[in-house]
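Asks: Following the hints, position chain E against chain H.
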Amino acid sequence: MLDKLALLGFGPEGWGWALLQGAGITISIALATLPFGLALGLVVALGKRSDKVLLRGLATAYTTVFRGVPELLTLYIIYFGIQIVLQELWRALGLPGSFSIPPFGAGMVALGVVLAAFSSEVWVGALNSIQKGQREAAAALGLSKGQAFRLVVLPQLIRVALPGLGNNWMVLLKETSLVSVITLPDIMFITTRANVVTKEPFLFFGAAMLIYLFFSLISARTIDRLERRANRGFAAFGGATR
Amino acid sequence: MNWCEYPGWFLGSEVLQNYGCRMASGLWITVELVFFSVLLGFILAFGIAVARLYGPRWAAVLVNGYTTFFRGTPLLCQLFLVYYGLGQFRLFWQDVGLWWFFRDPFYCALLTFTVNTAAYQAEILRGAIQSIPRGQFEGALSLGLHRWATLRLVIMPQAMILALRPLGNELIVMIKSSAVASLVTLFDLMGATRLAFARSFDLSIYLYAALIYLVLVEIIRRVWDRVEIRLSRHMALR
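Residue numbers (my numbering), protein chains in the order written: chain H, 1 to 242; chain E, 1 to 238.
One should not assume that every hint holds.
[Stated by the list, open to error] Calculated pairs, SDA-like style, for lysine to any residue (alpha carbon to alpha carbon, straight line, at most 25 Å):
1) H:LYS199 x E:PHE92
2) H:LYS199 x E:PHE101
3) H:LYS199 x H:ALA6
4) H:LYS199 x E:LEU214
5) H:LYS145 x H:LEU127
6) H:LYS48 x E:PHE101
If you are wondering where the hints come from, they were derived from the structure by calculation, not from laboratory data.
Next comes chain H alone, as it looks inside the complex:
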């Protein structure tokens, strides 16, 4: 068994570097998706709270759809869907050859729209927790609606939303494993290929598990730190809010 561990090392037979690269891809697609997904989620949340019926309906439909459809299916639809649309466009423009989108982009969009659906629920909850008086006071001070949101509401929002958003991040991190099916060379993709070459599935998928576990534990600690930092002005209520 011990001699097989060399397969995980950095020697000529080892998959160490490939695994590290895979881990890098996993973490970078998660990090690249995060701002996009959270921002879109906030927009959807604002849509849900809008006083326009159409906007509300659209936002609700959006979350219902993307929270109800399996992530894997969303990924396929977006990956193949964008591909087909772009190819039609390519042909319509009369350009030579064909066009294919990079899997990283497709993965980012798919994971992002799902993240947006889930994070919008967190944003709505957080928005509801901010009292009306805050906006009214901002208006009384002569701040515009946009300014009131950016300067008064948003800073308070982050603190309340952080635990939920942290949860969303943990889910996202694990969901990135799905992008391996659209040939993005993340941890799962690398270990699957290593399995095909070396016929040592237990070793490699076990290693993949440990890498994911490592990322999860680091994330949990970081989120904990961020929450503590966000709550530093609320020491007296620390026990109750957590």
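Replies: For chain E alone, kept in the frame of chain H given last:
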């Protein structure tokens, strides 16, 4: 014409008509897989949560390790580890007479999903039990109830109402996550859809599959809402 060809015929979709029957049997596999894994997972989770809360110290440490491990890694990776990884030890399984189990993608998926959802459900149950006020335990004890009787008659009925909503969410998450079973050659709804797409190159089949999943999830969500309202009708807040 089989009944499962009608939706495709009715909607005028050739691909749905051709693969309707495969998708119907795929849907059945998805439902079976999720139903049994969530049910078995719940039983397992109950034991785990009780061991974590009332068991000896080493049991709590063990349970924490278990939940951290299964909640901190992707389901896809766990599934591959079980199906390909454990399948690697074929000679051993043949010796102990379990090869029929680890050879079959359905059983592997069932095993993986069960231990995975058990980890999540155990955390839900633990949280629910912990949020029952201490006085409830003390009251039951002062009435002379045994610890097990306290748990069964006083704590669990209250804790289950709190746990109902997150457990419903977990069921929905499992329906969606079960799609990864298609990646270990299982022809569940997702697997049947992938096959249909690979043969027809008609993207609309994915949209039909999405619609089926969506309807399934919505039905469960609504039924669950009803159940929750019914079960908590004695509570003042509703």
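Asks: So, for every hint listed, does it hold in this structure?
Replies: Taking the hints in turn, this is what the structure says about them:
Of the supplied pair hints, the one linking LYS199 (chain H) and PHE92 (chain E) holds, its CA atoms being roughly 17 Å apart against a limit of 25 Å. For the proposed pair LYS199 (chain H) and PHE101 (chain E), the alpha carbon gap of about 20 Å is at most 25 Å, so the pair holds. For a cut-off of 25 Å, the pair hint linking LYS199 (chain H) to ALA6 (chain H) stands: about 14 Å separates their Cα positions. Straight-line distance between C-alpha atoms of LYS199 (chain H) and LEU214 (chain E) comes to about 38 Å, which puts the hinted pair past the 25 Å bound.
At roughly 15 Å between alpha-carbon atoms, LYS145 (chain H) and LEU127 (chain H) fall within 25 Å of each other, so this suggested pair holds. The suggested pairing of LYS48 (chain H) with PHE101 (chain E) is violated, with an alpha-carbon distance near 48 Å, which exceeds 25 Å.
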